[in-house]
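K.L.:
As a plain string of letters, each chain reads:
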Amino acid sequence: MPYIAILAFFVVLPLILIGIYAFTNQQGQFTIQNFVQFFHRSEAVNTFIYSIAIAMITTIICIVLGYPAAYIMAMKSFRTPAVMAMLFILPMWINFLLRTLATVELCHMFNIPLGEGPLLFGMCYDFLPFMIYPIYNTLQKIDVSVLEAACDLGANRWEVFAKVVIPLSMPGVYSGIVMVFMPTVSTFAISELLTQNKITLFGSLIQRSFGEGGIAMWNYGAALSLIMLIIISLTSFFGNNDNEEINR
Amino acid sequence: MMKSQFIIEVSHVSKQFEDGKFALDDVSLNVKKGEFVTILGPSGCGKTTLLRCIAGFQVATSGDILLNGEDVTNMPPHQRPVNTVFQKYALFPHLNVFDNVAFGLKLKGVEKSEMERRVKKALKMVAMSDYEYRDVDTLSGGQQQRVAIARAIINEPEVLLLDEPLAALDRKMRADMQLELREMHKKLGITFIYVTHDQEEALTLSDRIVVMREGKIQQVGSPTDIYNEPKNSFVANFIGESNILDATMVKDGLVHFCDRDFECVDKGFGEDAEVDIVIRPEDFYISDRNIPSKEEVGNKTDDIWQLYGEIISCIFKGVHYHMTVMTDNGYELEVQDYNAFELGTRVGLLVKPEDIQVMHKTRLCNNFVGTMRAGEQVEFLDELWDVSERTAERFAVGEEVDIEIDFNHINLQDDEEDGVLSGEVYYMLYKGDHYHLQIRTDDGDDIYVDTNDIWDKGDRVGIKIAPSWIRLYKRETKEES
Chain A
1 MPYIAILAFF
11 VVLPLILIGI
21 YAFTNQQGQF
31 TIQNFVQFFH
41 RSEAVNTFIY
51 SIAIAMITTI
61 ICIVLGYPAA
71 YIMAMKSFRT
81 PAVMAMLFIL
91 PMWINFLLRT
101 LATVELCHMF
111 NIPLGEGPLL
121 FGMCYDFLPF
131 MIYPIYNTLQ
141 KIDVSVLEAA
151 CDLGANRWEV
161 FAKVVIPLSM
171 PGVYSGIVMV
181 FMPTVSTFAI
191 SELLTQNKIT
201 LFGSLIQRSF
211 GEGGIAMWNY
221 GAALSLIMLI
231 IISLTSFFGN
241 NDNEEINR
Chain B
1 MMKSQFIIEV
11 SHVSKQFEDG
21 KFALDDVSLN
31 VKKGEFVTIL
41 GPSGCGKTTL
51 LRCIAGFQVA
61 TSGDILLNGE
71 DVTNMPPHQR
81 PVNTVFQKYA
91 LFPHLNVFDN
101 VAFGLKLKGV
111 EKSEMERRVK
121 KALKMVAMSD
131 YEYRDVDTLS
141 GGQQQRVAIA
151 RAIINEPEVL
161 LLDEPLAALD
171 RKMRADMQLE
181 LREMHKKLGI
191 TFIYVTHDQE
201 EALTLSDRIV
211 VMREGKIQQV
221 GSPTDIYNEP
231 KNSFVANFIG
241 ESNILDATMV
251 KDGLVHFCDR
261 DFECVDKGFG
271 EDAEVDIVIR
281 PEDFYISDRN
291 IPSKEEVGNK
301 TDDIWQLYGE
311 IISCIFKGVH
321 YHMTVMTDNG
331 YELEVQDYNA
341 FELGTRVGLL
351 VKPEDIQVMH
361 KTRLCNNFVG
371 TMRAGEQVEF
381 LDELWDVSER
391 TAERFAVGEE
401 VDIEIDFNHI
411 NLQDDEEDGV
421 LSGEVYYMLY
431 KGDHYHLQIR
441 TDDGDDIYVD
451 TNDIWDKGDR
461 VGIKIAPSWI
471 RLYKRETKEE
481 S
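Same order as they appear, the protein sequences are chains A and B. Just so we're aligned, residue 1 is where the first sequence starts under this note's numbering, counting upward by one. Just so we're aligned, residue 1 is where the second sequence starts under this note's numbering, counting upward by one.
Note that these hints are calculated values from the structure, not bench results. For each residue, glycine too, the CB sits at the ideal point set by N, CA and C.
A short list of chain B residues far from chain A (calculated; beta carbon distances all over 12 Å):
1) Q5
2) K124
3) E132
4) P223
5) Y285
6) P292
7) G318
8) H322
9) T362
10) F368
11) E393
12) E424
13) G444
14) K474
Residues from chain B shown here face chain A by an in silico Cβ test under 8 Å; the list is partial:
15) H94
16) L107
17) N155
Bound-form chain A, shown alone (with noise of 0.2 Å):
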């Protein structure tokens, strides 16, 4: 019961909240014009694309960066996956505006112009241990047998790899992509300190929505994140399934 009502005063009414807002103007009256705003706006379209855009491709680069690296560590023949475990879980122990703002500096040194490419370098760094995590789980999970049994029936070793290993550790991959693409859609620090305001994401523009523009950007500020926790949604939604599955 207090469970429930956690829940429901600190996540559904928050939601609720949101939709309110979202669909109602200053006066109150029900409204769709934020949305119909938001389309009109090019440049908050723009950068709604740009978004997604450097989020996925955040994730691609964690999946090639992570996936050997899960690998490596969920190998038998690694003597001490701990050890590994233990780089790759280190840097999270530290706050990540602390590591963005580091990454800041190590731009200044070599002097490498704040940007996209440190932008990207940024995100990924932050978000790569969430990649490895769930990769590593299904990898170590697979059971050693079956992939001698592929060898055996006359699979070689990258055979043994695409057939088995793959296709077994989708779910862990899946995992991953929800966990990278979520939360970089929606970053707004990183790209600030990262690229001195120069790129506006959309995390920022919702959080520009509420902090400068006063309560007047509440209504519209409501709509983009509405906007964004669909497409949330749609993404979590396509890693469940997938989930459900292979682990049933």
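Dock chain B against chain A, hints included.
P.N.:
Positioned in the frame of chain A, the structure of chain B alone reads:
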């Protein structure tokens, strides 16, 4: 090169693990084409390691494995013409029944219609025809095992390796699958190598049985050979129920145990040699008619019975009764008969000469090599042991000595702290009037002990030896040179 008559030749294969322990110790085994060979042994005897070396999942530390005359010792598993049925099925969870079975064919790039035909045939072979498109995790254990077998035989391997394939099934299902496996072996005509710890399964299925223990082959033979003529007490005890007794071979055809002489058919053990004998419980003739009382025994010369005793337990086993007889001279013997006898009934026992199987003893006493130390002590098994003054005088300090200790002169302590050395009861054998134990010390050495006390496997014990029972001998110099 002449083509070998054997499909598999394992010669002097050893497998040493990283911790230095030998899982296989100089194993040699030849398998003929089309044979059904079972590798039998308790867990940890190396049987699965041997199978994995043949499959290619493990590489032998030394020795060669030949398949069809071709050396495959270092060949990766996917290139070997063998397929494996795994203990826990190891089906691919992301594929349905059809795709699991077709896995091997898809890798080979077999054409689609041909593939479909062969998958259907394989599934029919294991009576799983209607399950093609089911997910494997919706199947029962028995069904999953059938799919695993279909998946392994579809590649038409020359040898099928089966690693305890029925271990996870219930008793009834296991019995059915055993029959089906036998049938399948006949129909396919390929060589089966089957690993199990279940002696009944081995006797039912195999053309030949390989009994293993601690990485070594104990005996190879047909099921009847192994059962009727076990080579040593371990094989006799592991296969079937048996009475194993200490005995003395008086001369060829005459063996002494249970305080009397028995005629037997075995020869060539020498005179007055210490041996083990085994008598199967069903080989005793038992009767309660006209049995003389304890006092009368020996007076009547026309009496045909060899041993007399009293029934101390009687259990119904379905077809027969399993009874324990305590003989007048204190031996407990297991006897099986179709008739039941009341507890306390006085009975006579008779065994025919050909039913007494005489076996060499693996060892007659404990042998160690040690070094004399100051203060009338000898060092062996990394500990210092007191020896008697008289013994110590004969050797110089620092001299290497051979040590002998009889089985029955080793003292086992409940509290491992009380012993000079501590260890664990590793193996035990009941010998009619005492237990023969194998104690494995914490360093992995073995000490053999005869005792009347009852211990359980896995008990921790302390080991003490009275100084007067440690016999020392001059080291044979020949071995050193």
